[in-house]
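Which chain is which? The protein sequence lines are F and R, in order. Just so you know, we're using UniProt numbering here: the first sequence kicks off at 1 and counts up by one. Just so you know, we're using UniProt numbering here: the second sequence kicks off at 1 and counts up by one.
The hints are simulated quantities; they were obtained by calculation from the structure and are not laboratory data. Be careful, since some hints might not be right.
Stated by the list, open to error - Stretch by stretch, here's where chain F covers chain R in the computed footprint (C-beta under 8 Å, at least three residues): (1) 387-401; (2) 437-449.
What the hints assert, rightly or not - Calculated cross-link-like contacts (lysine to any residue; reagent style SDA-like; alpha-carbon spacing at most 20 Å): (3) R:K940 to R:A893; (4) F:K33 to R:V461; (5) F:K36 to R:M905; (6) F:K54 to R:D464.
We put the CB at the ideal spot given by N, CA and C, even for glycine.
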Amino acid sequence: MLHSQGLNMAATAAGKKVFEVFVSKVPWTVATKEVKEYFRQFGQVKKCLLPFDKETGFHRGFCWIGFTTEEGLQNALQKDPHIIEGARLQVQKNRKPFSGRKSNKEAEDN
Amino acid sequence: MAALLRSARLLKCSPALLLQVTGNTRHAPAAGRLYSGAVGTPHVGLCVQQRGLVKDEPSVAVRSKQAQQFDWALAKLDSSVRRTGRVTKTLLLHIFHDICRTGYPSGNQALLMLRSCGSLLPEVPLVERIELSQRIWDKLQELGATYDVSHYNALLKTYLQNEFRFSPTDFLAKMEAANVQPNRVTYQRLIAAYCEVGDIEGASTILGFMKSKDLPITEAVFNSLATGHARARDMDSAEGILSVMKGAGIEPGPDTYLSLLNVYAEKGDFAKMKQTLEMVENADIHLMDRDLMQVVFSLTKAGHQQYVPEIVERMHHERGYVPDAMNLCLSLITHGHEETAFSVLKSFTGLLVQSQTSDSPDLGNFFLRHCVNMDKSVENIVRFCKDLKDSGLHSSPLQFTLQCSLEAKKTGMAVELMRRMKEEGVPLRPHYFWPLFTHYQKEKNISGTLQALRAMQELGVASDMDTFSIYILPSFPSVDSARTSLKEAGIDVDANILIAAELRAEASRGNLAGLFSLKPLLKSPLHLLLQITELLCKDPRFNSTEPETSENVAYFLYNLIDSMNETEVHSKEEQLREYFGLLKNMNISISLNIFRGIRNILESYQVPELVKEIACFHVVKYGGCWSVTSHHSKPVVSICVSMCVVELCLSHQKLERALELKILYEADMTPAAYAMLINLCCRHDNAEEALKLKMELARKDSEVALDAQKYVALVRVLSKHGKLEEAIDMLKEMKEKDVQLRDGTISLLTLTMNTAAMKGDANSIRRLQEAIFTLGLAKPSSNLCSPLITCYLESGNYAGAFDATVEVHKQYNQMPKIHDLICGLVEKGDAELLQNVVEFLSQERGEMMMLYDLYFAFLQTGRYKEARKIIETPGLRARPTRLQWFAEKCIAAQQMEPLENMVDMTVKLFECDRDDMYHCLLRLCKETNDWQKAEATWMKMQEENLAPRERTLRLLADILKNNDKEVPFEVPEAYDMLKEAGSTGMVLGPAPYDTLIKALLAKGNIEDAMAVKNIATDHVPEFSLSDNANSLLIVSQVKRCQMKDALGTLKGMLQADQVPSQLAITRLVQGLASEGNTQDIQEVEALVKTLGSIKLSSMLFVNNAALAHIKNEDIDSAVELLQSFYIQNTDNQKSSISFVFRKVLDANNDAALDKLSAMVERLCNHFASYRAATDLFLMYLDTGRTEEAKFLLQVLCCILLPVQAAKIKALSELIPDFTEKENIYSHLVKCCGLDKDFSSAKALYERMQAEGVKADELTLKRLALLYKEAGEPVPFEEPPESFSFYADKLKKQRSESMEPADC
């Protein structure tokens, strides 16, 4: 028990985020709670990080979801399309660990 | 009046021709709209001006920079207009501020700005547009832009488009005062202005002016008059314009009918409108959709919107209809006709659907957004939303509108919209209010915050903890005042949420101390404790992988336990146990030290249950953990192997050796080592091996990408060796891995294809070209396309070359090597093919360009008679870029004869800039140092009565001086001239001063530069140095070690909202470092941080701060700084401190070097941070300190490889003269001991003996132990004393042996 935990931690310490998906095109109307609720159907959600821009008060349209199990991750990845409140989310396996990268907010008119 | 008009017939100018001109503008592509409306728009840059010696004009450099900026701004505006047919106010203001900030605006920029202030801004109310154009006009003039007639005409156009009422006579007076002559366009627009208000008399006066100046009366004038008569309520005359025009020999065009249609529309006379539309059809005139939209606009403005649908039905939905219709909607909304706008919107939603890309419909966003921006009533907006939703055009219009109103910070509207949403049953969420709170928070507007909170409460949205901690509390000076205010405002808050939010607010300020001061709170119920811990875990600030911050949670725990006394712990044991249990599920990890601390406390309180509980936490050991498992030693081996490979590749170019090493240690090869090897293979022209390695690398790690240069080198070597498919695969891989090509690498691609061209392998070139372009690795360019043509030209296959030219032009729209092709044909005398080429060129690039091509070919081949015939073709005019191109070619190839001939032949060429021509000729004279030719040129210039520019005179003087010849004229020194200008009372604009100051600063002449600045300030009171000049000043000041002044200049710049150049900051920081001024470095760092946009090396401040410490002989601080830099952030592994090493090595600063290398070892040893080691190693190699490099490698091996004996052994073999073998062997034996690897140890011992390496006692002791453990007899006498005895002895020996060296 302890041993496997140790290994797990070693992996985390080495910067390898396991079971994490990167979600983009999150509509502005939903917040952490809603996103988390949505992804719960695929497995237990350990973490949901939806960064808000403190300058604007809007979130940046993307988030990271961490599942407790590989299965949750796979379930989420297999589902297509992901629709939340009528908007289609883009879900992909997270490649880079979270770092505070900025999004360029595009003003789109039509 | 009629008589006046009829006389138009007598004008010399053919009206048909003019009509053609106006017709052209109307059908010009979207980009042309920026310049539309003005017949005879001056062609910027083509006019030749004979300039005097001193004129208010910027230097070439400034002009070229301005040209670049102009291009950039133009491109931005152009793309906006092309895509949408409009410009946003934000974009326009952005460009305007940029122009203002970067110094002195050019005339072109001013023109561009002014032209964008009219109907290209449909979203902006007229009043605002007028203000904007006026502001731009005044500001740019103040900044020194010179206005000519084109500017005044542009201003007039915005007046007309913005329905601005002004006095035309005043306008003329203004122009006269500025000494600018009005032209035909000016008069036309003034007539239009009179007609707008129905002032026919005024219009007639202007017409009189035009007539007296013999200016042609064009269709535009008649169109205006039609409007004018109508506005003067004289419809008969308005309608009569058609016959008057015919009488004057001018055919009415679409614009004439459009004027009439608009006139009827204003009257609401739909019968006449229909009649006119029929007339238009019968006259075979095509009214464009955009014209009809104007009619719609007129109808609506005059209150006759009931006819709008009938006009809308007549639209053809031409290309570009959608953006035009959108602009119509926007204009209508801006003018307060959103209802009509909505009906127009609904008429073309069908067209919008086609461009819909997302799954859920969201049509009409632009409409809703503009309604919000224009503060339309919520009533109306909600109705539009409902309509859009009910007709399936938009899935969530209310939410979108709410988003717009939140973005626009319109609280009232947002709240009202939310109320409607609630009524509709749409859920409301706390974060909908956050944009409002951020807004109030920034303004510290407490009443606004409370108001929004109250609205929240009224709408039944529960404010959660995030809302409080991030968005509400920071607006208040303290939590207490927040609590009071909330209470007073009658806002109910859950007390627990408030406390938690408070904690969170403290935590997010990174204020752990503050957090602990709230400790009493921690003795509150369990769920609060949990909430707090969870906060700490979830907040990305505390939950990163960085050891330092992730420890916060652990510290919190520790402090929690520490703050409780024994009785408390006992009384809450159950609670704490539960708490720990819950924490465990949250995957909390704590470091070993803290775990021990907590455990010790708990043990001392004798609560074994809790100790057990806490032992189940994930305990992480930070640092040093690499040695615990074999997994961690992996990077260590890799770095050693890689270093060796790198060394072999870099310094010895020993491919074979490197390959051998690679084979032995394949498993430990890092991608970087592979990349080096591959590149080395490419350099050795070994395609097979390179490809093999590349495939191997891909097998190991398919994600990894080489850099662009290495990929291209690979492509080159592969294609050179006939591996075309593989080469193309590499190109594809580059695309897949998103490898960006720079200019340098792109030219390598050209080179690759040229190699194929020399072999006549057209097929390969085609394939490569196709791959490069279709993959989008590089845009088709003349250079990239030229190898294919070269391929045919080289073999003398001109027909093939021509076919290839046609092909390349068709496919990639490039026409490379055309000059070479024509030259070849001219020399060969192949008239038939030449005819084909000429026809092709005329067709594709126009006759003018073709003539130039032919002209240059004749010049190049020495057929000057033919060349002259060509250049004297009637109607041919100067194309400065083309002339310049040929001149540059001649200068580069030092071909005087064709250049001289060109200069002679172009004397009478229309609009040819003679000074430019002579300047080129003199440049070649300078290259060849031919003073006689230069002198002859000077004579010719006098013959031509040419006043050369300053630069030309200077060049001539240079050539003469270099040959000890007398300079027969005075060379003006800019500085002297300026002083002279000042004394004669000549007034200059700011631009020449700035240029001169920059020139002086570039020479490091601060005194003169400041003197000029003073002169400038005397003459132009608001004069200040531009960004560039100030940046140069900083550089000069640093050069002179005037650091205080330099820092002052920087501060001044930042205050004036100027942006210093990257170079200036770098030099300043380096200068401060060389003075050991760490404090100012910090200050600069803080100052520059506020700039944000500037690109600086991320290491600039770290490296220079370290150097400053070293300069102060405070090496420990430097070490501390660098060490903590690498330890604190694992991302920093990418950042190099080579600069520090380089400086220290250059200064031969041994003391610093010692401590730094100790740091390097420490970083490797304790923190698994290898970047500094790599930097130092490479810097040793770079500076030729091979010995030190080897030593470092050896030390690293020893430190890092306790369990990797075999590998060190092999490494030591591969690096042939590895010194101090004893040392290595003793370490190897130690490794074997740790590995309990007896057989290796035995082999080692035998080898040591064979090589005659003497083993020290400690090593013998170790070996003996191994032999004994393996049950084998010890083949030597085991040293009698203990391990520690010999270890101490060895240590002592070593330190003694070091001492003599130190003396």
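Consistency of the hints with the structure:
no.	hint	result
1	387-401	holds (count 3)
2	437-449	holds (count 3)
3	R:K940 to R:A893	violated, 23 Å
4	F:K33 to R:V461	holds, 14 Å
5	F:K36 to R:M905	violated, 78 Å
6	F:K54 to R:D464	holds, 16 Å
Consistency with the previously given hints fails for numbers 3 and 5, ordered from lowest to highest.
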